[in-house]
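Novice: The lines below spell out each chain.
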Amino acid sequence: MLWSTGLITLGIAAFYAIGAYASALLVIKLGLSFWLALPLAVIITGIIALVLGLVMVRGAGFSFIILTMIFGIVVVEAVGQIQLFGGWAGFIGIPHPDPLPIPFRAPIEFTTHPPNYYLMLFLLLLIVLIFNALYTSRIGRAWKTIKLNPHLAQSLGINVYRYRLLAFVIGSSTVGAVGSFYASYYQSIQPTVFGGWMSILIQLHSVLGGLSFYILGPALGATIMTFVPELLRITSVIEPLITGALLIVLILFLPSGILGAVRNLWVERKFPRPDTPILAQIVGTISTGIRNLRR
Amino acid sequence: MALLEMRKISKYFSGLAVISQLDLDVFNSEILGIIGPNGAGKTTLLNVIAGFFPPTGGKVIFNGEDITGLRADQIARKGIGRTFQLATLFMELTVFDNVFAAFHMYYREPGWKAFLHTPSVAKEEAIARQNTMQILDFMGLASQKDKLAGNLSSGYRKALAISIAFATNPKLLLLDEPVTTLSPDKVEMVMNLVTRVRDAGTAVVIVEHNMKAIMDYCDRIVVLAYGKKIAEGSPQEIRENQEVIEAYLGAMD
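One line per chain: the protein sequences are A and U, in this order.
Take our numbering: the final residue in the first sequence is number 295, and no numbers are missing along the way.
Take our numbering: the final residue in the second sequence is number 1253, and no numbers are missing along the way.
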């Protein structure tokens, strides 16, 4: 989301953690249902992102990258040190979502894999729908112009700061929603999971897939980064080594990502630039869902 | 009354005066040329008017309203459009999308309706698309509309930069070197566009090194040297002004 406004963040995992912990605390300490904790976790993540963003987004560029990275470290440390948040041991025994009553049938239980899978899929489709609506509106167009040239965008009357802040808040609270699901799906959370490495991995997905493809790019990147290491798992010792080498080669030779390379091929063959078909976006989203279950 | 009045404008960069105590007026429906040797403060002057640098001292009054110290996007909303040196465009967008993006200020429907893609928003955007086409026609860019801006030739790039700024519907348009690096026939094409913009009711300020373009097309000329105004008048008067000749020739010895 933030890539689309030309900001680079290394603190995504922090908001993932905030969403997961907010949700876990609400469910365990206050006894709220997951269905209430999820939207509340989104709102809490959003408010924290807003307050932080008011300060951090001002210094776009390098200072923003560093500030988000520091924030990521601070969150992990804070959660680990404070007993209310479960300390370094984290929380275990976070309940699954309450059964969902539906008319004329037995309520849907969320104790097995398939219902959780469909819940994640539903969440992803919702997120894709929201992002698609944003990107195709004048808000998305403003984000794009800011990324391409902030000065020119400003000369068109676009408030660069406010649009970047909006992207920061929406992006962060979306990550918070996924974090909330993560907590209830795995039933346990530890602060060390949400370290800087996770932030970098998430960004890698976007870079690998293609940065100018806001929805499809990360989806493809995530799919590859899930399945390629699995396929290479001949010996677990050298697997990360091969994956790393592959990543370096891919990013060196395909700097605009896999989808960017595909698009460049099209352009070279004098075809008109293809619009991303909605069907392909859905396929990409489903594969991300599968990935989340396999983890 | 002048459209833009600058009073005692100064701009310092780390103690160094780039512009000092400058008075400048821009009137409705004129093309005002700003010339001067390198480092005279011409581009800085445009950046001060457009709000990219706040002035260190002085007042900027636009349309009777004090706009001193406003942010660039706020000044754009007041009705001042601008282009940048080297034809700054959204290179990865098509020509059409470049101009369409400039309609950002035109939308009246609130953002949440834009997010929901309501019919009223669709109607508004359809009108913006029509207006985009009209501007491309007006600027002679209609045949290029599906090309990426980055693939345009230099003449079309400059024309597109002016089209983007013009699409914000400004009362005053600031052009930073609109014909520098262009061949003579392209200079004529771009300056004819500038004249059309002026005739459509927009005042234009041009910073430019190409003397022929300035002398042939400007209604009035202001000469800057070392951040000060050394002459002002019609092209004819400037051509015969002894101080101007010295400022240019003196720089050569």
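Since the hints were derived computationally from the structure, they do not count as laboratory data.
Careful: at least some of the hints might be erroneous.
For each label pair, taking beta carbons as the anchor points, the in silico distance ranges come out as [claimed, not checked]: (1) LEU126/A x SER1143/U: 35 to 45 angstroms; (2) GLY1064/U x SER33/A: 33 to 43 angstroms; (3) PRO1110/U x HIS151/A: 36 to 46 angstroms; (4) ASN1192/U x PRO39/A: 51 to 61 angstroms; (5) GLN81/A x ASN1151/U: 48 to 58 angstroms; (6) ARG162/A x SER1120/U: 17 to 27 angstroms; (7) ASN1151/U x ILE65/A: 52 to 62 angstroms; (8) GLN81/A x PHE1013/U: 40 to 50 angstroms.
Bear in mind that the values here come from a model prediction, so they are computed numbers and not experimental data.
Here a beta-carbon is modelled for each residue, glycine too, at the ideal position from N, C-alpha and C.
Novice: Confirm or reject each hint.
Specialist: Do the hints match the structure? See the list:
For the pair LEU126/A and SER1143/U, the supplied restraint of 35 to 45 angstroms holds, since their beta-carbon distance comes to about 43 angstroms. For the pair GLY1064/U and SER33/A, the beta carbons lie near 59 angstroms from each other, so the given range of 33 to 43 angstroms is not met. Against the hinted window of 36 to 46 angstroms, the Cβ-Cβ separation of PRO1110/U and HIS151/A comes to about 27 angstroms, which falls outside the hint. For the hinted restraint 51 to 61 angstroms between ASN1192/U and PRO39/A, the CB-CB distance of approximately 58 angstroms keeps it satisfied.
A hinted range of 48 to 58 angstroms holds for the C-beta pair GLN81/A and ASN1151/U, which are about 55 angstroms apart. Remark: the range hint 17 to 27 angstroms for ARG162/A to SER1120/U is upheld by a beta-carbon distance near 23 angstroms. The given range of 52 to 62 angstroms is broken by ASN1151/U and ILE65/A, whose C-beta atoms sit roughly 32 angstroms from each other. Distance hint check: the CB atoms of GLN81/A and PHE1013/U are about 46 angstroms apart, consistent with the given range 40 to 50 angstroms.
Checked against the numbered hints listed earlier, the structure breaks hints 2, 3 and 7; every other hint is satisfied.
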